[in-house]
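S.K.: So the protein sequences, as listed, match chains A and B. Here the working numbering is used: position 45 in the first sequence is 53, and no number is missing along the way. Here the working numbering is used: position 227 in the second sequence is 639, and no number is missing along the way.
Treat the hints as calculated values from the structure; they're not laboratory data. Think of the CB as a built atom: it goes at the ideal place given N, C-alpha and C, for glycine as much as any other residue. There may be inaccurate statements among the hints.
Dumping the calculated SDA-like pairs for lysine to any residue here, alpha-carbon to alpha-carbon at most 20 Å [as the list claims (entries may be wrong)]: (1) K591(B) - A621(B); (2) K545(B) - M345(A); (3) K591(B) - T472(A); (4) K591(B) - D470(A); (5) K591(B) - E469(A); (6) K591(B) - M345(A).
According to the in silico footprint, chain B covers these stretches of chain A (three or more CB under 8 Å from chain B) [to be verified]: (7) 348 to 357; (8) 384 to 395.
Covered, in the sense of this in silico footprint (three residues per stretch, anywhere, with C-beta under 8 Å from a C-beta of chain B), are these stretches of chain A [unchecked claim]: (9) 363 to 371; (10) 435 to 443.
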Amino acid sequence: MTRQAAPARRVLVLRCPRWLDDDGSGGPGAGDSGSSDSAARAFEPVVAIVENFCPQVEVLRPGVCAIATRGPARYFGGEAQLAAGLIEAVAQAGVTCQAGIADGLFAAGLAARAGPTGLLVPPGETPEFLAGLPVGVLGLPELCELLPRLGIETLGQLAALPPAEAASRFGPPGKLASRLARGLDPRPLIPRPPAADLSVRLEFDPPADQSEPVVFAAKALADQMHDRLAAAGVACVRVQVQVRFSDGQELSRLWRHDGLLSALAVAERVRWQLDGWRGASADRAPDRDSWPDTAGIALLRLVPDQLVRAAGRQLALWGDAVPSDRVARAAIRVQAMLGHACVTRPVPAGGRRPAEQVLQVPFGDAETPQRPADRPWPDQIPAPSPATVFGVPLAASVTDDSGQVVSVSGRAQLSAPPAWLSAAGGPARAVTAWAGPWPVTERWWDPVHARRQARFQLVTEDGTAWLAALQDGRWLIEASYD
Amino acid sequence: MGTGIAQVISLSPVRHRDDVLTGEGLLPVLPALRELLPGGGLQRGSVVTSGDWGLLPLALAAEAVSDGAWCAIVGVPAVGVRAAVEAGLDPDRMLLVAEPGPGWAQVVASLLDGFDIVLLRPPEQPSAQLRRKLEAAARRYGSVLLVAGDWPGAQSRLLVTDAEWTGLGAGHGRLRARKAQVVASGRGAGERPRSAWLWLPGPDGTVTAVAAESTLGTGAHDGTGTYQAYSGTAEPLASSG
Chain A
9 MTRQAAPARR VLVLRCPRWL DDDGSGGPGA GDSGSSDSAA RAFEPVVAIV ENFCPQVEVL
69 RPGVCAIATR GPARYFGGEA QLAAGLIEAV AQAGVTCQAG IADGLFAAGL AARAGPTGLL
129 VPPGETPEFL AGLPVGVLGL PELCELLPRL GIETLGQLAA LPPAEAASRF GPPGKLASRL
189 ARGLDPRPLI PRPPAADLSV RLEFDPPADQ SEPVVFAAKA LADQMHDRLA AAGVACVRVQ
249 VQVRFSDGQE LSRLWRHDGL LSALAVAERV RWQLDGWRGA SADRAPDRDS WPDTAGIALL
309 RLVPDQLVRA AGRQLALWGD AVPSDRVARA AIRVQAMLGH ACVTRPVPAG GRRPAEQVLQ
369 VPFGDAETPQ RPADRPWPDQ IPAPSPATVF GVPLAASVTD DSGQVVSVSG RAQLSAPPAW
429 LSAAGGPARA VTAWAGPWPV TERWWDPVHA RRQARFQLVT EDGTAWLAAL QDGRWLIEAS
489 YD
Chain B
413 MGTGIAQVIS LSPVRHRDDV LTGEGLLPVL PALRELLPGG GLQRGSVVTS GDWGLLPLAL
473 AAEAVSDGAW CAIVGVPAVG VRAAVEAGLD PDRMLLVAEP GPGWAQVVAS LLDGFDIVLL
533 RPPEQPSAQL RRKLEAAARR YGSVLLVAGD WPGAQSRLLV TDAEWTGLGA GHGRLRARKA
593 QVVASGRGAG ERPRSAWLWL PGPDGTVTAV AAESTLGTGA HDGTGTYQAY SGTAEPLASS
653 G
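Bound conformation, chain A alone:
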């Protein structure tokens, strides 16, 4: 073990389930879809609390942050005491959280998810802790599908493979997965920082008193930083965003992303940082775009941190629709107005419900759906597809001639033919044609995503066609066709 790369440093990961609407996977493939401005703002007070324990806090995404435990654990008399103190302090702010400590960020993230308050994995035992976990926790969709088919079900089995073999058989994702499974850092850090200063800075004269221009400038600045990094043949895992105000106050935060932080993503984090800071210090400010009692922003500085060798990204030879400069500029301008996640590209995904068949990916991000569209997906609704698909199904009421709500028995027997449909509390419309029930039982092995439905297609008197479903005794409108 001493001959091999040294185990990753001790890390504490704190996660607040409240702001994590996804499955909480913190793996390298986890995207930004769960993050939003409001969550970032709400998370800021928690980060401030964690900063009292350790000044160097890495925010992984809103709801999850990490600190290195070495220093603070010594001060607080042990890692267990540090974690307990943190959870207690955060709980006093009215937020429940989980803390996990292990070697390396990946294992610590998983430890935080183990049990109601998290887990402390003693030094050196991280490989054993990881060994029992399924490969699905890696968050690498393609590999997680392939490995079980080859008989590699757990991280322990993956770690047992010779690292070189894993890399040559599965490519860069395999190398990454192998390192994670062995409890190492995802990529070996370059031990010595390059001689050149790769940070970029922009001074605002006069100081900017609104966040928009700063966020906009951050995008250009991030581009500049990426150019410098690319010229040096490296990429960075973390970006430190430093903001200095004209009164000398400084605001600094580390942002981590295991993929490459795009210029857009950096700008988004600058926005979160400014919004979060403003929310914390000036709750009473009624107008949202200026700081009432502080001076403006004088300096913005981006410092790349934790440099790794750039692995590069290969564009597909054919068929990648590359947005032209004009399109990208228009999209970025709207993102600057509304927020990074408000401008999305639709990516077809697989699923049985219409709402599952598309994934909204923020413009500028690369993300592939976990459920590929090119699988059979039996029980999906055949073409033609509905033109309106409600992300959250509308509540509805379907009644028979006598006014009773139509129900379906366990044997898919209908209580009476549907005669009236009322969607989202609207007026009842007469049903002129219908078909169903088509029972669908999905993912019965997975208590979170399991679903039993009886589906119907209905046409009402106004000529509208609906896709309705009866689930847990409630009628839902999933889509409408016109």
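Chain B: place on chain A using the hints.
M.R.: Frame of chain A; chain B shown alone:
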């Protein structure tokens, strides 16, 4: 050698905005919609309305997007992306702004500079001043503003006036196709309303013209036989007034 490379490039599916610009100011539309629009396409710099949100606005954008144009859809959180793909839109060249917020007009104006088609469902009735501003933006950038809703002053108005679903009976069948009458009217004086019967959508989700009864068999889609089979068993449906 040089010509070989030129050929390869011209075969590449990646196209740029410039390719589309060379259409004498017209963006192409599906064959079925051609006769409804003056000039047989979407006039760049114009505003076109298509009644309430539905398949019609998507169908209007379909041909241009599959031909290399970029399309932004604003104010429609519930876009049926799969229906759009079936109608012919390329999802790689679509962008969604589901919630444009109170400053939606500014968002639309920004998108018009860059996107060939901006498909908008206004979150509120726009004032005359806002409308003029957006019309001017569309003209300036040579884009098409496609409005799902009301827009006085639009160059062309399309509306589904009559529609009937086929394939669904009383407890049997499934939705197969919708036969819809689309009426188009223009702003120009003396322009007569034009109308056409369309499969909106057809059995495979495409939008095609409804051929005369006798020529149904020559349709390109596989469901030609099913129309007759299903029109026999389906209950007559109430049509919207």
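S.K.: Indicate, hint by hint, whether the structure satisfies it.
M.R.: Hints and how they fare:
1. K591(B) - A621(B): Holds, because 9 Å separates the two Cα atoms, which is no more than 20 Å.
2. K545(B) - M345(A): Status holds; Cα separation ~19 Å.
3. K591(B) - T472(A): holds (12 Å)
4. K591(B) - D470(A): holds (14 Å)
5. K591(B) - E469(A): Answer holds: K591(B) to E469(A) is near 15 Å, not above 20 Å.
6. K591(B) - M345(A): violated (41 Å)
7. 348 to 357: With 7 residues close enough to chain B, the hint holds.
8. 384 to 395: With 6 residues in contact (Cβ-Cβ under 8 Å with chain B), the coverage given for the stretch 384 to 395 of chain A holds.
9. 363 to 371: holds (count 4)
10. 435 to 443: holds (count 5)
Checked against the numbered hints given earlier, the structure breaks only hint 6 and satisfies all the rest.
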